[in-house]
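If you read the sequences in order, they're chains A and B.
Using this note's numbering, read the first sequence as starting at 32 and increasing by one per residue.
Using this note's numbering, read the second sequence as starting at 32 and increasing by one per residue.
If you're looking for bench data, these hints aren't it; they were derived computationally from the structure.
Computed from a predicted model, the values in this text were never measured in an experiment.
Be aware that a few hints might be false.
Because identical chains cannot be distinguished in the list, a pair is counted as satisfied if it fits within a single copy or across any two copies.
Unchecked claim - Cross-link-like lysine-lysine pairs, in silico, PhoX-like; alpha carbons within 25 angstroms at most:
1) K62 <-> K143
2) K126 <-> K151
3) K62 <-> K180
4) K143 <-> K61
5) K180 <-> K333
6) K151 <-> K351
7) K180 <-> K290
8) K54 <-> K173
9) K151 <-> K62
10) K151 <-> K61
11) K173 <-> K351
12) K143 <-> K173
13) K351 <-> K62
14) K148 <-> K62
15) K180 <-> K54
16) K61 <-> K180
17) K36 <-> K62
18) K36 <-> K180
19) K246 <-> K61
20) K294 <-> K54
21) K36 <-> K148
Take a look at the letters that make up each chain.
There are 2 protein chains.
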Amino acid sequence: MTIIKAALLGYGTVGQGVYTALKTHRQQLKKLLGAEVEIAGVLIKDPNKKRDIDPDILITTEFEDILNIPGLQVIFEAIVGEEPGFTYLNRAIEKGIQVITANKVMFARYGKVLLQKGQKYGVSVGYEATTAGGVPIIRTLKQLLQVNKINRIQGIVNGTSNFILTEMRSRGISFDEALQLAQRNGYAEEDPTSDISGKDAFCKTMILSELAFGKQPIWSDVELEGITSITEEQVQQALQLNLRYKHVADIYQENGTIKASVKPILVGESHPLFSVDGVDNAITVEASLLGRFTLTGPGAGKLPTASAMVEDLADIFTVKKRELQPSI
Amino acid sequence: MTIIKAALLGYGTVGQGVYTALKTHRQQLKKLLGAEVEIAGVLIKDPNKKRDIDPDILITTEFEDILNIPGLQVIFEAIVGEEPGFTYLNRAIEKGIQVITANKVMFARYGKVLLQKGQKYGVSVGYEATTAGGVPIIRTLKQLLQVNKINRIQGIVNGTSNFILTEMRSRGISFDEALQLAQRNGYAEEDPTSDISGKDAFCKTMILSELAFGKQPIWSDVELEGITSITEEQVQQALQLNLRYKHVADIYQENGTIKASVKPILVGESHPLFSVDGVDNAITVEASLLGRFTLTGPGAGKLPTASAMVEDLADIFTVKKRELQPSI
Chain A
32 MTIIKAALLG YGTVGQGVYT ALKTHRQQLK KLLGAEVEIA GVLIKDPNKK RDIDPDILIT
92 TEFEDILNIP GLQVIFEAIV GEEPGFTYLN RAIEKGIQVI TANKVMFARY GKVLLQKGQK
152 YGVSVGYEAT TAGGVPIIRT LKQLLQVNKI NRIQGIVNGT SNFILTEMRS RGISFDEALQ
212 LAQRNGYAEE DPTSDISGKD AFCKTMILSE LAFGKQPIWS DVELEGITSI TEEQVQQALQ
272 LNLRYKHVAD IYQENGTIKA SVKPILVGES HPLFSVDGVD NAITVEASLL GRFTLTGPGA
332 GKLPTASAMV EDLADIFTVK KRELQPSI
Chain B
32 MTIIKAALLG YGTVGQGVYT ALKTHRQQLK KLLGAEVEIA GVLIKDPNKK RDIDPDILIT
92 TEFEDILNIP GLQVIFEAIV GEEPGFTYLN RAIEKGIQVI TANKVMFARY GKVLLQKGQK
152 YGVSVGYEAT TAGGVPIIRT LKQLLQVNKI NRIQGIVNGT SNFILTEMRS RGISFDEALQ
212 LAQRNGYAEE DPTSDISGKD AFCKTMILSE LAFGKQPIWS DVELEGITSI TEEQVQQALQ
272 LNLRYKHVAD IYQENGTIKA SVKPILVGES HPLFSVDGVD NAITVEASLL GRFTLTGPGA
332 GKLPTASAMV EDLADIFTVK KRELQPSI
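Just chain A, same shape as in the assembly:
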C-alpha cells in the first residue's frame, strides 16, 4: 500500500480535528486515494503541553524537523496569524510539498502569492478551510466560475458574531450577556476581538473577493464595522418591524472596481440570510447563469473545518492519482 506522508503545523482545535478525521476516515481515504495517509510529524509551540498523539509520530517545535521528514508529501497548516505560517508554507512549496491551510489571516494577505508560487513549483494549495469552516464555498465558487460569472457575494462568515446577534434577538439580552454566553458555550475565544470587531470576517471576505473576482479591494477602502455597538434596544426595535441584524460581508464589482463592506445590516424576511441563526455561516452567491443560491452550514468547529481540509487532501491526491493513470 502506498503511503502519503503528511505533517500538521499546529495542534489546536483544527489540527486536532484533522488528526481525528484522518484516523476515523482512514478506510474511506484508502479506498479513494489508493493510499494510506500517515501523519508523520506535528509542529507544536509548547513542548510541555500534554497531547494525545501516537508515540511514533514526530512531535517537534522546529519547522526544520518537519521539512526534513523524508518523503513528506503534504502539510496541513493550522497556525494563527500571518507569520510564521506564510514563511513555512513558502518553504514547503519550494520543496514540492502540497499545502493545505486553514489560516485565513495569512491567506487573506498572501493567498495570491502562495497560489502563484504553487503553480510555479507544481504544488497545490488548498484553502477551503480558511473561509466559512465546513461550508464548501471555495470549491463551489471554483466550480461555478468554470461557467458562470459571479455578480455579487453576500455572506455571514463569522459564527461568533452571528451567535451573539441571534441570542440578543431571541433572548432579549445585551451584547455583553450574549458574548458571555458565547464564551461559556465555546463559541467565542477568551479574547473575542477578532470576531466581534469584524476582522475575522474581513479576512474571509478578502479571500472570497480574490477567488470570485480575481482581485481584492484596497483594504482601507472596505467599510468595516463589528457588532459591538449594537444595543439590546436596537435589536428589539428591529424585531418589532420583523427585521433582524445580521453581520454581513458584501462584495460586488462596479465599473471594474471591487466594492466591499463588512458590517451589521438590517435584513427583512425575504433576504436569503434572514433565517441564518446561531453559529451557522451562510453565503449567498449571485451568478450569471445559475442565479442566486445560498450555502448554509457550520461556520467553524473542529470536525467541520477538518472535513474541509481533508477534502482538499482528497482533491489534490485524486487528481494526482488520475494523472498517473493512462488516459481514457
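Go by the hints and put chain B onto chain A.
This is chain B only, laid out in the frame that chain A set:
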C-alpha cells in the same frame, strides 16, 4: 482552435437554455477548455415548429442523424420520460460519446445502468441537472462523499409545490388558486400532475439516494404523497402556531436499509427548510464530519438548469484536458 462537437436532444426550455448558455458563455468555455464548443445538431420532435437555431446547425427528428455527426463528442439530453431518452443515451455511450442529462424520470430508473455502462466505455455521464435544477447538489455530494459519510438528506426538490404552499400561506388562498397562480407565472405546467403528486420529487429523491447511499429504497416502500389534499384552513391553522407546510423528501439509512418518504410535513422555525419559499429548492445534508449544511437555490428554470449541464460539460472536458497534459 480545437472544437468540441455537441448535440442537443430536445429543444424545450432546458434545451434552449443550454443553447443560449453555450453561446453567451463561449469565451469563458474557450478559456477553460482550450476548445470551442460547437452545437452540431439538435434532435427535435415536431419539424414544423419555428425555432431560433442557427441555419448551419443540423435539425432533425431522427436520432440516427445525430449519432452519425462525424466526431460528435458530447450529447446534452433534455427529453422527458424514460424512453426514448434511455435508448438514445445507451447508444451514445456505446459510441464513446460523453452524455449529460437533465432527464430525472429516466435517470431515477436507469441512472445506475448508464453510469456503469459509461465506466465500461470510458464515457462520463453528467446528471447535475436532474436534481434541483441549478442547485449544485450532485457535485457537492460527490465531493463530500470523498471524505464524509452521509447520514441523512432532507430536501425541498420541487419548486412548483413549494411555490403553491408558499402562496397558500402568504396570501391565504386555496390550493386551486395557488396552482392557477403558478401556472400564470410559468411555474407549473398545463398538466401539473407530476409536480403536485410528488412524482417529480420522488424521482429526484431516488437519484439522491443512489448517490448518497449507493442504493435506492424499494420504490413501493417509499411513502409518497403530494400536496393536493392540503387545505387553506390547515395552512392557516399551522401558521397560527408558527408552523409551515413543506413538501419534503427525506432519506436516511437504518440498519442497512434505506428509508425514504416524500410528503408534506409541518416544520417549525428551527428547521433548516422553514424559510425556503417560492420556487426555490433546498437540500439539507447531514454528513459525518461536516455536520449539517443546506444548499438553497433556483430549483428549475431555463438558465439555472442549463448552467448545471454546462458545468457538467466543463467538468468532463477539463478532466480530459488534464489527462492529455504531462503530469506534474
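Against the structure, the hints come out as follows:
no.	hint	result
1	K62 <-> K143	between (33 angstroms within a copy, 20 angstroms between copies)
2	K126 <-> K151	within (12 angstroms within a copy, 39 angstroms between copies)
3	K62 <-> K180	between (35 angstroms within a copy, 13 angstroms between copies)
4	K143 <-> K61	between (32 angstroms within a copy, 24 angstroms between copies)
5	K180 <-> K333	between (33 angstroms within a copy, 17 angstroms between copies)
6	K151 <-> K351	both (17 angstroms within a copy, 22 angstroms between copies)
7	K180 <-> K290	within (16 angstroms within a copy, 39 angstroms between copies)
8	K54 <-> K173	between (28 angstroms within a copy, 21 angstroms between copies)
9	K151 <-> K62	between (30 angstroms within a copy, 20 angstroms between copies)
10	K151 <-> K61	between (29 angstroms within a copy, 23 angstroms between copies)
11	K173 <-> K351	both (19 angstroms within a copy, 18 angstroms between copies)
12	K143 <-> K173	within (15 angstroms within a copy, 28 angstroms between copies)
13	K351 <-> K62	both (15 angstroms within a copy, 23 angstroms between copies)
14	K148 <-> K62	between (31 angstroms within a copy, 22 angstroms between copies)
15	K180 <-> K54	between (39 angstroms within a copy, 14 angstroms between copies)
16	K61 <-> K180	between (36 angstroms within a copy, 14 angstroms between copies)
17	K36 <-> K62	within (16 angstroms within a copy, 35 angstroms between copies)
18	K36 <-> K180	between (38 angstroms within a copy, 24 angstroms between copies)
19	K246 <-> K61	between (37 angstroms within a copy, 22 angstroms between copies)
20	K294 <-> K54	neither (39 angstroms within a copy, 39 angstroms between copies)
21	K36 <-> K148	within (22 angstroms within a copy, 36 angstroms between copies)
Hint violations for this structure: number 20 only, all remaining hints satisfied.
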